[in-house]
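Participant: Sequence:
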Amino acid sequence: MDWLAQTWEAFVQFFQNIPFEVLGVWTLTTCLLLVGVIGSVVPLLPGPLLLFLAGVIHTFLLPEAGMSWQGIVILALLLVLAYVVDMAAGALGARWFGASRWGISGVFVGGIVGLFFAPLGFILGPLAGGLIFELLFAKKRMAPAVKSTWGTLLGTGAGLIARLFISLLMVATVLVDILWW
Numbered sequence: 002m003d004w005l006a007q008t009w010e011a012f013v014q015f016f017q018n019i020p021f022e023v024l025g026v027w028t029l030t031t032c033l034l035l036v037g038v039i040g041s042v043v044p045l046l047p048g049p050l051l052l053f054l055a056g057v058i059h060t061f062l063l064p065e066a067g068m069s070w071q072g073i074v075i076l077a078l079l080l081v082l083a084y085v086v087d088m089a090a091g092a093l094g095a096r097w098f099g100a101s102r103w104g105i106s107g108v109f110v111g112g113i114v115g116l117f118f119a120p121l122g123f124i125l126g127p128l129a130g131g132l133i134f135e136l137l138f139a140k141k142r143m144a145p146a147v148k149s150t151w152g153t154l155l156g157t158g159a160g161l162i163a164r165l166f167i168s169l170l171m172v173a174t175v176l177v178d179i180l181w182w
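Taken in order, the sequence shown gives residues 2 to 182; the numbers are from our numbering.
Incorrect hints may have been included.
[As the list claims (entries may be wrong)] Now the in silico label distances, taken between C-beta atoms and shown as ranges:
#, residue 1, residue 2, range
1, Leu137, Leu62, 47 to 55 Å
2, Leu24, Ile113, 19 to 27 Å
3, Leu63, Lys140, 23 to 31 Å
4, Ile124, Leu82, 45 to 53 Å
5, Phe117, Leu176, 18 to 26 Å
6, Thr8, Pro64, 17 to 25 Å
7, Leu170, Leu24, 22 to 30 Å
8, Ile113, Trp70, 31 to 39 Å
9, Pro120, Ala6, 26 to 34 Å
10, Lys140, Met88, 41 to 49 Å
11, Ala6, Leu78, 55 to 63 Å
12, Glu65, Trp4, 21 to 29 Å
13, Lys140, Trp27, 53 to 61 Å
To be clear, the hints were calculated from the coordinates, so they are not data collected in a lab.
Every residue, glycine too, gets a C-beta built ideally from N, C-alpha and C.
Turn these sequences into a full structure, and let the hints guide you.
Facilitator: Quick look at the structure:
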């Protein structure tokens with residue numbers, strides 16, 4: 002029975018020595034990083050923004066063990082890059098496959114309208130917008146309009162992969178800066 006009392010005392014001593022405020026901050030940071038990576042590929046979750054906030058909030062709550070100002074600047078630049086790549090990828094893909102200015106405008110309009118029809122609207126909105134604008138305003142035939150719409154789909158897919166890569170770079174920046182710099 003003595004071993005049980007000693008085990009219990011060791012268990013209680015272990016939990017009394019844990020700095021729960023540090024554990025709580027790390028839990029919050031880890032959750033923000035995980036949801037941020039998921040949000041970089043799932044619509045409606047602002048993934049890169051959550052990754053940026055993970056670094057900033059960790060630094061605010063634990064200034065002695067937070068990020069350096071250089072790390073926060075790198076994180077901010079990666080945040081801007083992630084959103085620029087995201088906005089431009091579909092339009093550049095459409096342009097690469099011969100979309101007109103009307104088609105590219107349709108991609109943006111369709112993307113905005115697609116926001117209201119989540120989650121399927123995130124994919125179908127830009128595609129439908131590009132196709133409709135190419136057919137109605139650019140007066141293209143069906144085959145060239147479909148070709149530029151296919152380019153929109155490929156560009157959006159490439160943008161998604163690039164945004165995921167940038168998000169993983171953001172996670173690495175946060176962790177390397179906090180743990181090793």
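Participant: Are the hints correct? Go through all of them and say.
Facilitator: Each hint, compared with the structure:
Taken as a hint, the range 47 to 55 Å holds for the pair Leu137 and Leu62, whose Cβ atoms sit roughly 53 Å apart. A beta carbon spacing of about 42 Å between Leu24 and Ile113 contradicts the range 19 to 27 Å that was offered as a hint. Judged by the Cβ atoms, the range 23 to 31 Å given for Leu63 and Lys140 is violated: they are separated by roughly 60 Å. For the hinted restraint 45 to 53 Å between Ile124 and Leu82, the CB-CB distance of approximately 23 Å leaves it violated.
Roughly 37 Å separates the CB atoms of Phe117 and Leu176, a value that falls outside the hinted 18 to 26 Å. One distance hint, 17 to 25 Å for the beta-carbon pair Thr8 and Pro64, is violated here, with the actual separation near 38 Å. The hinted window of 22 to 30 Å between Leu170 and Leu24 holds, with their beta carbons roughly 27 Å apart. For Ile113 and Trp70, the hinted distance range of 31 to 39 Å is satisfied, since their beta carbons lie about 36 Å from each other.
Taken as a hint, the range 26 to 34 Å is violated for the pair Pro120 and Ala6, whose Cβ atoms sit roughly 55 Å apart. Remark: the range hint 41 to 49 Å for Lys140 to Met88 is contradicted by a beta-carbon distance near 27 Å. The hint said 55 to 63 Å for the Cβ distance between Ala6 and Leu78, and at roughly 56 Å that hint holds. For the pair Glu65 and Trp4, the beta carbons lie near 40 Å from each other, so the given range of 21 to 29 Å is not met.
At about 58 Å, the CB distance of Lys140 to Trp27 agrees with the hint of 53 to 61 Å.
The structure fails hints 2, 3, 4, 5, 6, 9, 10 and 12 (numbered hints given earlier, in ascending order).
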